Amino acid sequence: MMSSLIVGIGDCKVSKQADDVLVTHALGSCIAVIIHDPVAKVAGLLHYMLPESSLDAEKAGQRPFMFADTGIPMLFKSAYQLGALKSRMIVMAAGGAQMLDPNGTFNIGQRNHTAMRKIFWKAGVIVHKEEIGGTSSRTVRIDVASGRVQLRTSGEPEHDMTANTKRKVAGDGL
Amino acid sequence: MKASDFVRLVPDCCSEVLDAMYFTTVNGEIPLDWVDPEAPVPTEPPVSIAYSLHFAGDVTGHFGLSIEQKSAQSLAANFLGEESDDISSKEVHEVLGELANMFCGSVMSKVEGENKFVLSHPEEIHVTPSASEGDILISKLDTDSGVITVWVAVEGNPC
Amino acid sequence: MAFNILIVDDSPAMRRVVRRVMDISGVDVGKYMEAGNGLEALVVLRSDWVDLIMTDINMPEMDGEELLIAVRADPMLAEIPVLVVSTDQSDARAKQMISLGANGYVTKPFMPATLSVEMNRLLGVEGVSDEGF
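Chains as they are written, first to last, in my numbering: chain A, 216 to 389; chain B, 265 to 423; chain C, 57 to 189.
Here chain A stands alone, though its shape is the one from the complex (with noise of 0.2 Å):
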């Protein structure tokens, strides 16, 4: 029976079961990082607010899923402890709009979205797909058996944006 396990907002969830989705609602100037498995079938979903925990060091040791730059290295470890392997890992990103946010700035998407490429580009992993900008609302979920990702653009129709890989990606760093 299917089970849908919710990541809030400054949240991560990693999974191996089957029958398990997880989903995140809500994604505006946030990022969704989520990454599947296909081998081992694990996948997670990490949703993130800010780019840097040097923003907030004190916030950064309780919630380091708040930030970028301590929550995506979290997720891929939480991942390996279930079998992924990093060489498999087919990585997609959403979100990143540009909103209000509660300083009156309108990039910290585009801040959150810079954040996310710099840290992957300096652990060698490629985002195989993502949908990032735009001004409206995300939200994303992942089928942890298919690795299949759906997601949801506040006012349009769901629609399908896993990518699909048939080939190992080799790296380390991550």
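Be careful, since some hints might not be right.
Facing chain C, according to a computed beta carbon distance under 10 Å, are these residues of chain A, among others [unchecked claim]:
{"#": "1", "residue": "Gly298"}
{"#": "2", "residue": "Arg332"}
{"#": "3", "residue": "Phe335"}
{"#": "4", "residue": "Ile341"}
{"#": "5", "residue": "His343"}
{"#": "6", "residue": "Glu345"}
{"#": "7", "residue": "Gly348"}
If you're looking for bench data, these hints aren't it; they were derived computationally from the structure.
Computed from a predicted structure; not experimentally measured.
Beta carbons: idealized from backbone N, C-alpha and C, even for Gly.
With chain A's structure known, arrange chains B and C on it following the hints.
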């Protein structure tokens, strides 16, 4: 075409390049004579590195950039995907040369449209141009990796 | 199957970035060769087997356009796939290079995934696609 016609193109194109491959956000332009009031007074003048290249198409001239050593180190680390401490001076210079090349190429692509343009190999320079030298636009960009000064000097136009 | 890759660009930093993209794409590379301009590239091409040429356009001595023309004119080299990686973002330039025989055209600045997809395509390697199930 005059240098002043580049006034929007330069920050927009530089922003695109810096975000895409140097993972650095441009926060805006600052006045040429601006000094950070909160920065400690340096005991020695900061070391800057500058690169310039020649462009030729329907518009011809020189393009250049100047950046402090520490900021250059950070940009180079981002570009190469390495830690800042692991980047050598040679690597910093190579990365800055490519940055000047990409800045200029991006600007020229927008200016020349479907016309061909040729860029020279970027070279380090030790004297940067001033605002009074010919038809020139100088922009100072405030970025997450520090201040980058960029200039476009157009040839063939009277001062 | 290990591929021999030739990267042609007068920027050592860009050659390093292109090489890094190839490494993290998981391509099985037998040998990387580098050249700073078209003339150096031809020396490499006439002495070593190459499976893919990735070349800039604006380079001293011999530019990417001249290199492409020379490669396509040489029966020993004519079949080698050529991917152009250039700061020139105009459609006209891309079309011109394709008409001269380039097999792909990526503009700088680029996202690693964009270059990775093109590399894999020209090497005929099954890679990541953005098509769903």
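Each hint tested on the structure:
Interface hint at A:Gly298: violated, since its Cβ lies 19 Å from the closest Cβ of chain C, which is beyond the 10 Å cut-off. Satisfaction of the interface hint for A:Arg332 is found here, the shortest Cβ-Cβ separation to chain C being roughly 8 Å, below the 10 Å cut-off. Given the 10 Å rule on beta carbons, the hint for A:Phe335 holds: about 8 Å separates it from the nearest Cβ of chain C. With a least beta-carbon distance of about 5 Å to chain C, the hint placing A:Ile341 at the interface is held under the 10 Å criterion.
For A:His343, the shortest C-beta to C-beta distance to chain C is roughly 5 Å, which falls under 10 Å, so the interface hint holds. Annotation: interface hint on A:Glu345 holds; nearest CB of chain C at approximately 8 Å, less than 10 Å. Restraint check, A:Gly348 versus chain C: the minimum CB separation of about 13 Å is more than 10 Å; hint violated.
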